[in-house]
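Asker: Sequence:
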Amino acid sequence: MNRSGVDLSVEPRWGGAALLRPGVLAFTGSIGTTDAHAHHGVQIITATTAFTVLDEHGARHRGTKVVVPADASHQVEVGAQEGTVVFLEPESPPGRAAHLRAVHSGWTVAPVLTFTRQRALATVVDELIAHLAPEPTGDDMARHPAVVDALRLLPDLVAAGPVSGTELAARVGISASRLTHLFTEQVGIPLRRYVLWTRLRIAITRVQAGDDLTGAAHGAGFADSAHLTRTTREMFGLAPSVLSRHVSWDLDAGM
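If you read the sequence shown in full-length UniProt numbering, its first letter stands for residue 1, the second for the next number, and so on.
Hint data in this document are derived by calculation from the structure and do not stem from the laboratory. Just so it is clear, the structure is predicted and the values come from calculations on it, not from any experiment. Among the hints, erroneous ones may be present.
As the list claims (entries may be wrong) - Just the calculated beta-carbon pair ranges, DEER-fashion: (1) Asp35 <-> Gly173: 44 to 50 Å; (2) Ala170 <-> Arg233: 31 to 37 Å; (3) Asp212 <-> Ser177: 38 to 44 Å; (4) Arg62 <-> His181: 41 to 47 Å; (5) His131 <-> Gln75: 24 to 30 Å; (6) His227 <-> Ser177: 42 to 48 Å; (7) Pro145 <-> His227: 31 to 37 Å; (8) Ser73 <-> Gly32: 14 to 20 Å.
Positions of the beta carbon are idealized from the N, C-alpha and C atoms, including for glycine.
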């Protein structure tokens, strides 16, 4: 056991607290092992003890800080009792910066991400994003009115079912191509990906409120629970059951 009374001989399991924003999923707690998988989110892991990530070529990346590029097959071979994991949308400025850093400098490059239970997870995420993409993406005062209107309309549209970029553009009074360009530029991720992150937020909110996965999936506009499961595995490499049963959530809608 360590000084905190944690039995280090027991393999850690996923469990802790998480924060979800459009383009960002952050987790703090115990980091468990995984099977081989790939996910679209860029994954940044920091822990108090060394852990091991095995890539598709059989190379082991061992340390207390590892960045897994987007869509790279890998598995967590040895977990950690205490750590922080941040998934970033690779189309976002901070996600793109982290992805390129890992590709060009190696997975064990040390990002600026400090784990400690005394620091709020939101603060850690804010500092990481500021380090990776220091240029501001703009707030509501700087955003085009059509983008502000789109962000206001999207939660209800997403919950109602499929979202058409053309119909949304018509509702906010500009062309679809113009809205697509402005949204990506001023929000930081493409409209289509923003919709997907919003669906995940709604689904997790409904699970936390007591819905089963089928009800949560339908309430978030997914076709069924299998669609929700495929989406969470594609984005994070984790099943929604892991995200719902073993994690307490801060569902931050801000961006």
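Asker: Each hint should be assessed against the structure and marked as holding or not.
Answerer: Each hint tested on the structure:
no., hint, verdict
1, Asp35 <-> Gly173: 44 to 50 Å, "holds, 48 Å"
2, Ala170 <-> Arg233: 31 to 37 Å, "holds, 34 Å"
3, Asp212 <-> Ser177: 38 to 44 Å, "holds, 40 Å"
4, Arg62 <-> His181: 41 to 47 Å, "holds, 42 Å"
5, His131 <-> Gln75: 24 to 30 Å, "holds, 27 Å"
6, His227 <-> Ser177: 42 to 48 Å, "violated, 28 Å"
7, Pro145 <-> His227: 31 to 37 Å, "holds, 33 Å"
8, Ser73 <-> Gly32: 14 to 20 Å, "holds, 18 Å"
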